[in-house]
Structure formats: C-alpha cells, structure tokens
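Fit chain B to the known structure of chain A by using the hints.
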Amino acid sequence: LIHFYKREMPFKKFVEIGRVAMLNQGPDAGKIAAIVNVIDQNRVLIDGPTSGVLRQAYPIKQLHLTPLRVKFAFNAKTKVVRKEMESEKVQESWDSSNWAKRMALKSKRDGLNDFDRFKLRKAKSARNKIVAKALNTKKRQLRKAGKI
Amino acid sequence: MGKNKNKGSPRNYTLASGVARFSKSAMFHKKAIYKFMKKKAPAKESKKKAVFVEKKIGGAKNGGTRMVRVKKLANDYPTAVKAAKKPFASCQKSHPAKLRSSITPGVVAIVLAGVHKGKHVIVLKQLQSGLLLITGPMTLNGCPLRRINQRFIIATKTKVDVSSVKVPDTLNDAYFARVKAENVKKDGVFADNKKQKYAPSDERKKDQGEVDKQVMAAISKHPEGALMKKYLASVFRLQKGQYPHNMVF
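Chains as they are written, first to last, in this note's numbering: chain A, 925 to 1072; chain B, 8 to 256.
Pulled out of the complex, with its shape left as it was, chain A reads as follows (with noise of 0.2 Å):
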C-alpha cells in the first residue's frame, strides 16, 4: 500500500502495530516496548521482550513514540516479537540514538554528589579557560592583521 498522502502528513510517528514506544511513567520507565496491539482510544496492548517488559495493556498517553517500527502481525505471540525486535537490532538502535544518550546523561547528572559535582565545575572551567585563550589569541592576531 503506498500512502502517498503520507508524505504531506504532518505527523511521523503513529500509535501502529509494531510501533517502537518508550515508556513514560511507572516502574518501567525509560524501557522500549512495541506495539502489538490496539485496544482503545486510550490503550494499547504493548510487548518488550529485549527490554524487560512483559506485554501488558498500556496508556497511549504514557507512551513516547520513537522513530522506529518493527513488523509483525497484531496480537502476534511474544515470542515472534522477540525475533522480529532482534533480528531489526532494535535495541541497539535505540540505546545509540541521541534521544537515549540524552536520557542516561540526565540521569547521570542528576545522580552526582557534592563531590563529583566539585570535579565537574573544576573540570568545566579549565576546559573554559583552553577554549577561552585559544579564541582570544586567534582574535588578537585577527586585530592585528587588520581582519576584524
């Protein structure tokens, strides 16, 4: 089928079966799960076994669409998501996204303590100071050069 309408569409991700979705909220927070199937306007039935999810009905609102899609059939069995999942490394895709690596920054950040939050000012600030000399010095010659 070539939904050619879609190109003009200003949505991207949709709530489809084998969407790849990130979890928003409770104690699976931050995993990945597809989209096996849909149950509602409000909920869908979600599987996420390269991440630890168990299938399991799911608040669309407490879904974060990603970029990515998988495919199988609905409702398909847990096993046959796994190999599908698997074999489209779909895993791997996500922890090397930028969005993912944002998010384990996050966390990082704000599991510093005092300590370590010392470490990182000194560090920032000499890092600073090289950037700073180096753009003064090249500024300096630019002047004299008549440049700027």
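Because the hints were derived from the structure by calculation, they are not lab data. Be aware that one or more of the hints could be misleading.
[To be verified] Cross-link-like lysine-lysine pairs, in silico, DSS-like; alpha carbons within 27 Å at most:
id	chain 1	residue 1	chain 2	residue 2
1	A	Lys1046	B	Lys236
2	B	Lys124	A	Lys1043
3	B	Lys228	A	Lys1046
4	B	Lys132	A	Lys1032
5	A	Lys1048	A	Lys1030
6	A	Lys1046	B	Lys42
7	B	Lys237	A	Lys1057
8	B	Lys164	A	Lys1046
9	B	Lys164	A	Lys1030
10	B	Lys228	A	Lys1030
11	B	Lys166	A	Lys1053
12	A	Lys1032	B	Lys42
13	A	Lys1048	B	Lys236
14	A	Lys1048	B	Lys228
15	B	Lys164	A	Lys1032
16	A	Lys1043	B	Lys10
17	B	Lys166	A	Lys1048
18	B	Lys164	A	Lys1025
19	A	Lys1053	B	Lys10
20	B	Lys164	A	Lys1048
21	A	Lys1043	B	Lys12
22	A	Lys1068	A	Lys1057
23	B	Lys10	A	Lys1048
24	B	Lys10	B	Lys42
Chain B in isolation, oriented as in the chain A frame:
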C-alpha cells in the same frame, strides 16, 4: 488438660470499644500469677518515734516543762500543688544520641550554620554528649577542632579513611566546654564585663596540629587526594536550578 484450641491467639485482647476483654484480676487467675508470686516477708515492726518531747524551760510558775514537737511543722504551705517532678532519666549518660546512618567517622560534611557555614569539613567521631567532633582541617578551610550537632550538617557520600587517625582522649566534652566569664563585683557594682575575645590556648593549637597532621595524611592517601584537598577548601553554594531535595550529596 485438654487440647489447647486457642494456640497462637493471645489470651487477652482489646475489644472494639478499646477495653480489654479480661480484667486485671481475671488475668491474674488465668495466668496463675499466684504460683509465681514471691511470699511477702512479714512487715518488720518499726520503731515508734516520739512525736513530742518534753523540754525544760526557765521561768517561774509556768509548769517548768513544755511538750515540744520533735519535727517542727512547716511554716508555709504552697497555694498551688507543684506537679511532681519526673525522675530525670539520664539517657545521655547511658548512650550518646543516635546518629544518622549517613554520618560515620571520616565522612565529608557540609556545615549549615554557625561561623563556618558552607564549609566542607571532616567528621572525626561522636563525643559522649552526642555532638560530633569535626575538623576542617584548619590549614584547608580555617575550621578548627570543633563540636557540632548532627542537625547542622549535611553528610555527603564522600568519605576519607580516618581509621589511622588517633584522636587523643583528652579531646572530650569538658575540653570543648565553654568557659563562663566570672561576674566579678567590684565596689558593689558589676565590673565592666567586656566580651572577652576568644583566643585559642596553646594546648588547643598543639592538639589541632597533631590531629590535622594525621587527617591530612589520610586525605593524601585517598585516590583523589589532591582534588579532595581543593574540595575541602571550597565552600558549598546552591546554584540556580539546584534544589536540595532533588540533589544527591
């Protein structure tokens, strides 16, 4: 005796109204306390103390003696009955205050109040009074050997191994206790007691040096010793967007 059908359930229990099912006397019989009661020793006959004593008085034609009370009656009676003072349970003497689990010897702490607020200090030990003994060390941040209540510090997750640091036993609560200025009366008027500026004694300086030497050695042994020294010299500040309830210390 028949099989106990009520095994596991308590003999006495409170009813919904809040009252116990069985009274004290009922429980006395149920538990057969009379079997475990010690025989009361017969009351010793107490010596009868004289209330009045005959005393001789001088003067003429007055009978020569008077009956005087051995114990005089009280001259004044309070208008209000004083509430009975509870026996002072000297809990402090039996054990010092319970410390937060995050506070252990060698932990780096942030001082929250007092002259040294914001400074990172090292907790050495807990004294008998329950207060913590801390030191800057002095050369790093100017905080001396000092007592502080655990309520006025935040313990961080950073620790220094101070097991090799031997704090002299002379450093106890009496050592740190504040010396009260004497109110000397001069010519009937209280002397002009200007607040004496605190000057550390030679003993304090000596102890400070000794303890700090050991603590600095312990810090140097830490894998991040050089940075740790800079950290202890630094002051804690909250930046914009930093909220203590969201931070890990």
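Status of each hint after checking the structure:
{"no.": "1", "hint": "A:Lys1046 - B:Lys236", "verdict": "holds (13 Å)"}
{"no.": "2", "hint": "B:Lys124 - A:Lys1043", "verdict": "holds (21 Å)"}
{"no.": "3", "hint": "B:Lys228 - A:Lys1046", "verdict": "holds (21 Å)"}
{"no.": "4", "hint": "B:Lys132 - A:Lys1032", "verdict": "violated (32 Å)"}
{"no.": "5", "hint": "A:Lys1048 - A:Lys1030", "verdict": "holds (17 Å)"}
{"no.": "6", "hint": "A:Lys1046 - B:Lys42", "verdict": "violated (76 Å)"}
{"no.": "7", "hint": "B:Lys237 - A:Lys1057", "verdict": "holds (24 Å)"}
{"no.": "8", "hint": "B:Lys164 - A:Lys1046", "verdict": "holds (19 Å)"}
{"no.": "9", "hint": "B:Lys164 - A:Lys1030", "verdict": "holds (20 Å)"}
{"no.": "10", "hint": "B:Lys228 - A:Lys1030", "verdict": "violated (32 Å)"}
{"no.": "11", "hint": "B:Lys166 - A:Lys1053", "verdict": "violated (30 Å)"}
{"no.": "12", "hint": "A:Lys1032 - B:Lys42", "verdict": "violated (67 Å)"}
{"no.": "13", "hint": "A:Lys1048 - B:Lys236", "verdict": "holds (18 Å)"}
{"no.": "14", "hint": "A:Lys1048 - B:Lys228", "verdict": "holds (26 Å)"}
{"no.": "15", "hint": "B:Lys164 - A:Lys1032", "verdict": "holds (16 Å)"}
{"no.": "16", "hint": "A:Lys1043 - B:Lys10", "verdict": "violated (71 Å)"}
{"no.": "17", "hint": "B:Lys166 - A:Lys1048", "verdict": "holds (24 Å)"}
{"no.": "18", "hint": "B:Lys164 - A:Lys1025", "verdict": "holds (26 Å)"}
{"no.": "19", "hint": "A:Lys1053 - B:Lys10", "verdict": "violated (86 Å)"}
{"no.": "20", "hint": "B:Lys164 - A:Lys1048", "verdict": "holds (22 Å)"}
{"no.": "21", "hint": "A:Lys1043 - B:Lys12", "verdict": "violated (68 Å)"}
{"no.": "22", "hint": "A:Lys1068 - A:Lys1057", "verdict": "holds (17 Å)"}
{"no.": "23", "hint": "B:Lys10 - A:Lys1048", "verdict": "violated (78 Å)"}
{"no.": "24", "hint": "B:Lys10 - B:Lys42", "verdict": "holds (22 Å)"}
In summary, the structure is inconsistent with hints 4, 6, 10, 11, 12, 16, 19, 21 and 23 from the numbered list given earlier, while agreeing with the others.
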